[in-house]
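Peer 1: One-letter residues, chain by chain:
2 protein chains.
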Amino acid sequence: MASITKVSPLAPKGGFPTLPDIGGVRFSTVAAGVKYTGRTDVMLAEIAAGSAIAGAFTKSSTRSAPVLDCQSKLGRVEDDDKGFAFLVNSGNSNAFTGGVGTKAVEEICHATAQEMNLPASHIYTASTGVIGEPLPYEKITGMIGTLSQTLSPDGIEAAANAIMTTDTFAKGASATCEIGGVEVNVAGIAKGSGMIAPDMATMLVYIFTDAKISQLGLQDMVSRLNEGTFNSITVDSDTSTSDSLLVAATGVSGANAEENETFERTLGVVMKNLAHQVVRDGEGATKFVEIHVEGAIDNVDARKVAMSIANSPLVKTAIAGEDPNWGRVVMAVGKSGANADRDRLSIWFGDVLVAENGWVSPTYVEEDAAKHMKNEDLLIRVDLGLGAGHSTVWTCDLTHGYIEINADYRS
Amino acid sequence: MASITKVSPLAPKGGFPTLPDIGGVRFSTVAAGVKYTGRTDVMLAEIAAGSAIAGAFTKSSTRSAPVLDCQSKLGRVEDDDKGFAFLVNSGNSNAFTGGVGTKAVEEICHATAQEMNLPASHIYTASTGVIGEPLPYEKITGMIGTLSQTLSPDGIEAAANAIMTTDTFAKGASATCEIGGVEVNVAGIAKGSGMIAPDMATMLVYIFTDAKISQLGLQDMVSRLNEGTFNSITVDSDTSTSDSLLVAATGVSGANAEENETFERTLGVVMKNLAHQVVRDGEGATKFVEIHVEGAIDNVDARKVAMSIANSPLVKTAIAGEDPNWGRVVMAVGKSGANADRDRLSIWFGDVLVAENGWVSPTYVEEDAAKHMKNEDLLIRVDLGLGAGHSTVWTCDLTHGYIEINADYRS
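Those protein sequences? They're chains A and B, same order as listed.
Just so we're aligned, residue 1 is where the first sequence starts under our numbering, counting upward by one.
Just so we're aligned, residue 1 is where the second sequence starts under our numbering, counting upward by one.
Worth flagging that the hints you see were computed from the coordinates, not collected in a lab.
Among the clues, some could well be false.
[Claimed, not checked] According to the in silico footprint, chain B covers these stretches of chain A (three or more CB under 8 angstroms from chain B):
| id | segment |
| --- | --- |
| 1 | 38-45 |
| 2 | 60-67 |
| 3 | 169-183 |
| 4 | 376-389 |
[Stated by the list, open to error] What follows is a set of in silico ranges between Cβ atoms, one per label pair, in the way DEER data are often shown:
| id | chain 1 | residue 1 | chain 2 | residue 2 | range |
| --- | --- | --- | --- | --- | --- |
| 5 | A | Pro362 | B | Asp154 | 30 to 38 angstroms |
| 6 | B | Lys371 | A | Val300 | 41 to 49 angstroms |
| 7 | B | Arg39 | A | Pro134 | 56 to 64 angstroms |
| 8 | B | Glu259 | A | Ala370 | 42 to 50 angstroms |
| 9 | B | Lys374 | A | Pro119 | 48 to 56 angstroms |
| 10 | A | Glu376 | B | Val7 | 31 to 39 angstroms |
C-beta atoms are modelled at their ideal positions from N, C-alpha and C, and glycine is treated no differently.
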C-alpha cells in the first residue's frame with residue numbers, strides 16, 4: 001500500500017485551526033488496532049440529551065451497512081431524556097460485507113448503548129477503510145469502556161485525526177454568530193481525499209453546534225446547504241459507498257436558531273470550508289479549481305455544465321499542466337447534455353476572457369491566461385448566454401499523484 | 001507538444017491489414033502542410049455515382065463546422081449521375097472557429113466540387129487537430145488538383161495514415177460475405193486515440209462497400225450498429241466536437257444488401273473491429289477491457305452500469321495496477337443511477353467469481369483474479385441479478401501515459 005506522507009500543497013496554511021468547545025459535546029479517541037498500528041482509529045462523540053441530529057448520506061445503491069443503519073435512525077428519538085453518540089472507526093469501511101456487516105453495526109451500537117446508558121437507536125456509527133473485509137468489531141467494542149471514560153470537551157482535533165485514512169491533513173473548521181445577543185458556535189471535522197477510494201478513502205463529516213433548533217428545522221437547513229457544499233465538490237467523479245454527514249445541535253447556548261438565516265449562513269460557512277478542504281486534499285491534487293457557470297437556461301443545466309467541466313479528465317489534466325486549454329472547456333460544455341449554443345458561449349480563466357462568440361476572443365493573449373494557470377487556486381468561468389441559471393462547483397486537477405495513489409500498488 | 005512515437009502495446013500484431021479494393025472507390029493523399037511537416041495530412045476518397053452515403057456524428061452541442069455541414073448533406077442527392085467525395089485533413093480540427101470555420105468548409109467543398117465536377121452537396125469533409133485556430137484552407141484547396149489526379153483504388157492504407165493525429169498506429173479492417181452467390185466486400189479505416197483530445201485527437205471513421213443498398217436502408221443499419229460499436233467504447237469519458245462516421249455503398253458488386261442480415265453482420269464486424277482498435281490506441285492504454293453487464297432490469301440500466309464502470313477513474317487505475325479491486329466495481333455499480341441490489345450482485349474478473357450475495361465469494365482466491373489482471377485483454381463481468389437487460393462496452397486503463405500525453409506539455 002502506498003505510503004502517502006507528504007501533506008497536500010493545497011492544505012490550509014497554519015495547520016489545524018483552534019476550534020471552540022461546543023456545549024453539550026465531548027470527544028474521545030483510542031487506538032483499537034482495527035487495521036492501522038501506532039495511531040488512533042476510533043472516535044466517540046457524546047451529545048447531550050435534547051439535541052437535534054440531522055444528516056445526509058451517499059445516494060449509492062451499494063451503500064454500506066453503517067450508512068443504512070444511520071439512515072434508519074435519523075429523525076427518531078426513542079427517549080427524550082437520553083443523549084446521542086457518534087462512533088466512527090477508520091481502517092475498515094464495513095462496506096459490501098453482507099450479513100456480517102449488519103451484525104457488526106448492531107454489536108457496536110449495542111455495546112455503546114450499554115456502556116453509555118443510551119438507546120441503541122441513538123447511536124450513529126460510520127466506518128471508513130478497506131471494503132469487503134469483515135469489520136473486527138470486537139476490537140472496537142472492547143474499547144468502548146475506555147472511550148466512554150476519557151470523554152473531554154476539547155477532544156475534537158484528536159477526533160479529526162482518528163478518522164483519517166489517505167488524508168494528508170486533519171480537517172476542521174468553525175464559525176460563530178449571534179442570535180438575540182447570544183453567541184452561537186459551530187465546529188466541524190471532516191475526512192476525505194477522493195470522492196472515494198474504496199480501499200481507504202471516503203468522505204465523513206461531523207458538525208456540532210450549541211444552537212437550539214428542532215430536528216426537522218435542522219434537517220431542512222442541512223439538506224439545503226448540502227447541495228451547494230458537499231454535493232458541489234468532485235475529485236474524481238467517483239462516489240463513495242459510505243459518505244456520511246451528521247450535524248448535531250445541542251441547544252446548550254439557549255439561542256433559538258429555528259428558521260434563522262444568520263445561523264443557516266454560519267452553518268453554511270463551516271460546511272463549505274470543510275467541503276473545500278476535502279478537495280484541497282484530493283488525491284494527487286496540486287490545484288484547487290472553482291468552476292462557475294452562468295447564463296444557463298436554468299440551475300439544473302448550469303450544474304450539468306459545471307460538473308461536466310469539473311469531471312473531464314482532459315480539463316483536469318490541462319489544469320495539471322498549467323495549460324489554458326479553453327478548447328477542452330468547449331468540449332466539456334458540448335458533451336454535458338445541457339442546452340448550449342457554441343456562438344453564445346464565453347469562457348474566462350480567472351479574469352482573462354479567452355473565448356466569446358464561437359471563437360477565441362480578439363483581446364485574448366495566451367500569456368495572460370497562462371499566468372493565471374500558475375496559481376494554486378484557479379477560477380474557470382463560463383457564460384452560456386442563454387438565461388439566468390447558475391452553478392458553482394469545486395474540483396482539483398488530475399496528476400501523476402492520482403495515478404500513483406490509485407494504480408501503483410496492489411491492495 | 002509531446003512526441004508520441006511508441007506504438008501502443010495493444011496494437012494488432014502484424015501491422016496494417018491487407019484490405020480488398022472496393023469497386024467504385026479510389027483514394028489519394030497529399031502532404032499539404034496544414035500543420036505537420038514531412039507527412040501526408042489530407043486524404044480524398046472518390047465514390048462512384050449511384051452510391052448510398054450513411055453516417056453518424058458526435059452529439060456534442062459544440063460540434064465543429066465540418067460536422068454541421070456533413071449532417072446537413074446526409075441523405076440528399078442533388079444529381080443521380082454524379083458521385084461523391086470525402087475530403088479529410090489532419091492537423092487542424094476547424095472546431096470553435098466561428099464564421100471563418102464555416103467559410104473554410106464552403107471553400108474546400110467548392111474547390112473539390114469544381115475540380116471533380118460534382119455538386120458541392122456531394123462533398124463530405126472532416127478536420128481533426130488543434131481547435132480554435134482558423135483552418136488554412138488555401139493549403140488544402142491548392143492541393144485538390146493533385147489529389148484528384150492521383151486517385152487509385154488501392155490507396156486506402158495511405159488514406160488511413162494521412163488522417164492520423166496522436167494515433168500510434170493506422171487503423172484498418174475488412175470483412176467479406178456472399179449475397180446471392182456474389183462476393184461483397186467491406187473495408188474501413190479509422191483514426192482516434194482518446195474519445196477526444198481537442199488539441200489533436202478525435203474519432204473519424206470511413207467505411208466502404210460494394211454492396212447495393214438504398215440510403216435509408218444503409219442509414220438504418222449504420223444507426224443500429226453504431227450503438228453496439230462506436231457508441232459502446234470510451235477511453236476517458238470525453239466526447240469530441242468532431243467525431244464522424246461515414247459509410248459509402250457503391251453497389252458495384254451488384255449484390256442486393258437491402259435489409260440483408262448477412263450484410264449487416266459483415267458491416268458490424270468491420271465497425272466493431274475499428275471501434276476496438278480505437279480503444280487499443282487509447283491514450284496511454286496498456287489494457288483492453290471488455291465490461292459485460294447482465295441481469296439488469298433493462299438494457300438502458302445495463303448500459304448505465306457498464307459505462308459507469310468503464311469511466312470510473314478508480315476502476316481504470318486499479319486495472320492499470322493489475323489490482324483485482326472488486327470493491328471499486330461495487331462502487332461504480334452503486335453510483336451508476338441504475339437499479340441495483342447489493343445483495344444480488346455478482347462480479348467476475350475473467351472466469352473468476354469474486355463477489356456474490358453482497359460479499360466476497362467463498363470460492364474466491366485473490367491469486368486467481370490477480371493472474372487474470374496480468375493479461376493484456378481483460379473481462380469484467382457483472383450480473384445484477386434483477387432481470388434480462390444486458391450491455392457490453394469496451395475501454396482501456398488509466399495510466400501515467402494518459403497524464404503524460406494530456407498534462408505534460410503546453411499546447
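Peer 1: All hints, please: hold or fail.
Peer 2: These are the hints, each one checked on the structure:
1. 38-45: Since 0 is below three, the answer is violated.
2. 60-67: holds (count 4)
3. 169-183: violated (count 0)
4. 376-389: That given contact is violated, which follows from only 0 residues of the segment 376-389 of chain A lying within Cβ reach (below 8 angstroms) of chain B.
5. A:Pro362 / B:Asp154: 30 to 38 angstroms: 47 angstroms Cβ-Cβ, so the 30 to 38 angstroms window is violated.
6. B:Lys371 / A:Val300: 41 to 49 angstroms: The hint (41 to 49 angstroms, Cβ to Cβ) holds, given that Lys371 (chain B) and Val300 (chain A) are roughly 46 angstroms apart.
7. B:Arg39 / A:Pro134: 56 to 64 angstroms: 59 angstroms, holds
8. B:Glu259 / A:Ala370: 42 to 50 angstroms: 56 angstroms, violated
9. B:Lys374 / A:Pro119: 48 to 56 angstroms: Once the Cβ atoms are compared, 52 angstroms apart, the range 48 to 56 angstroms for Pro119 (chain A) and Lys374 (chain B) holds.
10. A:Glu376 / B:Val7: 31 to 39 angstroms: Distance hint for Glu376 (chain A), Val7 (chain B) holds at roughly 38 angstroms.
Violated hints, listed in ascending order, are 1, 3, 4, 5 and 8; each of the other numbered hints is respected by the structure.
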